[in-house]
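Colleague: Protein chains in written order, with the numbering used here: chain B, -12 to 398; chain A, 67 to 356; chain D, -4 to 266.
The set of hints was computed from the structure by calculation and includes no laboratory data. Think of the CB as a built atom: it goes at the ideal place given N, C-alpha and C, for glycine as much as any other residue. A hint or two may mislead.
Partial list, derived from the structure: chain B residues whose beta carbon lies under 7 Å from chain A [stated by the list, open to error]:
#1 Thr155
#2 Glu224
#3 Gln372
If we take Cβ atoms under 10 Å as the criterion, some of the chain B residues that face chain A in the derived model are [claimed, not checked]:
#4 Thr56
#5 Ile57
#6 Lys137
#7 Asp233
#8 Ala234
#9 Ser393
#10 Ala395
Anything over 10 Å on all C-beta distances counts as not near chain B; from chain A, calculated [stated by the list, open to error]:
#11 Leu97
#12 Leu166
#13 Val167
#14 Asn199
#15 His205
#16 Ser244
#17 Thr268
#18 Leu297
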Amino acid sequence: MRILAAAVLAGMSFWGAVSAQAEKLVIAGRDGAYATALKLAVAEYKAKNPGLEIEQLELTGGGLLEKATIAMREKSGAYDVIMLDDPWAVEFMGRGWLADLDKLGGGVAEDFVKPARDVSRQPYGTGAHYAVPFVGNVEMFAYRKDLFEKHGLAKPASWTAVLDAAKTIAAKEPGVAGVVFRGKKGNPIVTGFLPILWAHGGNVVGPDGKASLDSEAALKALNLWLALKPFAPKGVETYDATEVRDALGQGTAAMSIELWPAWAGSLDDAEKSKVAGKVEIMPAPGETAGPAPMLGSWLVAIPASSANQAKARDFIDFLTSKDMQKKLALEAGSPPTRASVYQDADVTAKYRWYPAQLAALQAAQPRPRIADWSKVETILGDYLQLALIGQMEPKKALVEANEKISRAIRP
Amino acid sequence: MPQRRGLAFLLLTPAFALFALLTLYPLGRVLALSFFKTEYGFEDAVFVGLDNYAVLAADSFFRQATWNTVVFTLLATAGELGLGLMLALLVSRNFPGRFLVIPTLVAPFVLSTMVVTAIWSAWFHYDFGFLNNALRAAHLPPVAWLFDPDIALLSIVLIDVWQTAPLTFLILLAGLQSIPAEVHEAARIDGATPRQILLRITLPLLTPHMMLAALLRSIDSFKLFDKVYALTGGGPGQATETLSMYVYRQGFKFFDVGLASAAAVVMVIVAGILAGLYATKIIGGRSDVA
Amino acid sequence: MLRNTLRITAVYILTAIILLPIAWMIATSLKPAGEYVSTSVNLLPKAATLQHYRQLIADDIFGKVLNSVIVSCGATLLALAAGFPAAYALARLSLPRRLDAVFLVFVLVIKLVPPIVLAIPLYQVLRALGLLDTLAGLILVYQIYALPFAIWMLLGFVRDVPRAYEEAAVLDGASLWQMLTRVILPLMRPGLIATGVFLLILCWNEFAYALLFIQSPSKFTLPTYIATLITEDETFWGRLAAIGFLASLPIFALVGVVQRGLTRGFAGGLR
């Protein structure tokens, strides 16, 4: 008798959970600082739309990619708004998984920095808009202004100058490494290398869509990057973001070839960092070609299978409006994607490096627009590390990587 | 009694239903997928027969991953058995504070693996890690725990031993305590030295328990993924790449789900053989204990 | 006895060494952010603070604990509920004892398959049942290894129950149901408890499947929450250490039960 009652109870509660649904938006977003920013926007939007339920998921980068892919592939309509990293856009847009934002009305304003807008369009740069740039992540460069002044070094204007500065500081400043970078296999090591590659005029994938790592320019870039290793802290081969931040923040490295907006904030926080106010942030230098900071923006889009597209569009517009971007920048440290917000006096007062960030964004280079970037990145990551630990000659690494990449890229 | 049998099968139904749904179906799917080339599922899948297995056999990364996994499993299991046995022997007889020491020794095992990994990633840091700080304070050279290709895998073995020796410790301690006191008494009366007692009586009696502990740990070590993923990503080079990481990379970075499934099938077969060997030893050895 | 003193000293030294990383963790949970990274060997915080623990409460840690409790207990109960009749049936079917070994092997092999590999088919199963992103779904998924484990452990305990009790019950006219619940179950209580505790510990720290199938922060279990403290940009050491410490306490409390259960289980000869 008791068991029967329990079963009925279980059945009822299950049914109850399944059936109660008000109007609802489901947002699949990132975790960490991104989630904090999204939460602020969601809270305000809910206040303006009473009766609307919003569920915000906080997922890791990998988790978000997996779940968004599965949901859109199975056309489950599980999500109404998704955040996506710009390399994912190629596949998502190419497979028609995202809603056309021009058709939904409104397109994407010109206030958004051009490189970020370009990646939101299919075909790249010219076609219809399928996403709106949300977080203006761009790879920058950082150096210790105080140490540079102390040793009479000018702001590095080229990667060769960076190498020279590293040598000087390593020689004259005991206990301080000249430079630090990420060496962990995969996304970390590749992300650090790309701006150097591009600055030398090299490319992973050429404009013709074919693998192009087997070039003079790429070899020069690789050799320069390898030349930095002796002036980096021991163990860079396994360094990831935390270690690089710590090295800069504890003052044991004078330059970081890679600095993301998320890392910049804590550098000036006297409680956590020993170098508050001493670090200068700039777009990465150029070499033979101009500076090419890597674009790492996060976009927001609407899956084509969503049942609430109009509401989702409204939310996206609200999220990326000028006022909301300013608020998120000031309260959550979320880098804006609108040029006008970067020029706002309140914002630049709080984040002194924002003018540099805007310059970097406007000159930003996205990763190659191919659907198989994840495979290419993994292959390149493997070979870069083999070269870094000295297990393979640079030239051989490039040739082999190039060959594997050619086979991995679908026509 | 046929009626009894019918009832018995009825009792088995709930368990079997869960098992079929959650285990047979997914495993069957993985096995089936291993014969195809596909990026995700069965739509767009191309039948390739044993091709994936051939690719695995020829892939030096797969061989390296297998080698790393086997080495890790052997070293970790041996380490855990050794440390667990030593602790169990030391603690088997009463001493002041024993009731505090036993739970303390178990502490590393109750932590979440992610926390364990985070702690050791901090400890292994070359410049700021506790271990190297201690070494430097003792005027010893710091160690390249995670980026020396020869040491990296051993460092991960160290973490695993620290975290799971408590489990073998518990099993062996229980085993020790299940040996009737009269056995040791009789041996002592016969004039056996402590060393003889240990080698000729205690250890043989403990063998089934050691086999059980070794089995449990081998299978778990074989699966090594989380620690490597968090600490080295498989590097430096291929030094810490394991079979699970290989499966993950093929499946989720290269989207070659057929190949990943084939690698997973190989893992299961090898582990099944390993487990089967152990199990027959345990069952065979049991007749001595009864 | 010198030998005894040596032995005791060795034990305490070893214990201290093994405890060191945990002591470090607890100390870190009390350190302010500025003290995380340093070159000193000093474990003690210079300016101890409870801010991380307070932050945990702000993060709704009690909700996560509740979720973990629900999932662990639910999975354990389900495994026991399905496993107990199955173990009884298998024991009384007089299948060869070698079957025990098969179960053991099976359990471990299943635990061996990387969760990633089973993720996609399991995802489809859960979606078909409408259990994605639910605690109930996790309880179901955990049966993958909880159930075989339960059956394996319970088989041994069932065999311990002398047939005489069953025969007496049959003579008294008891139905199968009555025999199972009124006779066998009470006799197996210690075994059931030991198995239950073992399963609880197994499920408490499980995170691979939890990460795959739970998305809403409100449904996070403790391990999923812990995972959010390790992001690609930064590791939140303070909170991580604090929750690492707190999350392990419940298991810690149950260790005594496990130890007694293991000893009891082995006392009748290794299963």
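Colleague: Hint by hint, note whether the structure agrees.
Modeller: Hint-by-hint comparison with the structure:
1. Thr155: Status violated, d = 21 Å.
2. Glu224: Nearest chain A Cβ about 4 Å off; hint holds.
3. Gln372: Nearest chain A Cβ about 5 Å off; hint holds.
4. Thr56: holds (8 Å)
5. Ile57: With Cβ-Cβ at 9 Å, under 10 Å, it holds.
6. Lys137: Interface hint status for lysine 137 of chain B: violated (22 Å vs cutoff 10 Å).
7. Asp233: Holds. Min distance 7 Å.
8. Ala234: holds (7 Å)
9. Ser393: Violated - the Cβ of serine 393 of chain B stays beyond 10 Å from chain A, reaching only about 15 Å at its closest.
10. Ala395: holds (7 Å)
11. Leu97: holds (21 Å)
12. Leu166: holds (35 Å)
13. Val167: holds (35 Å)
14. Asn199: holds (13 Å)
15. His205: holds (17 Å)
16. Ser244: holds (38 Å)
17. Thr268: holds (43 Å)
18. Leu297: violated (8 Å)
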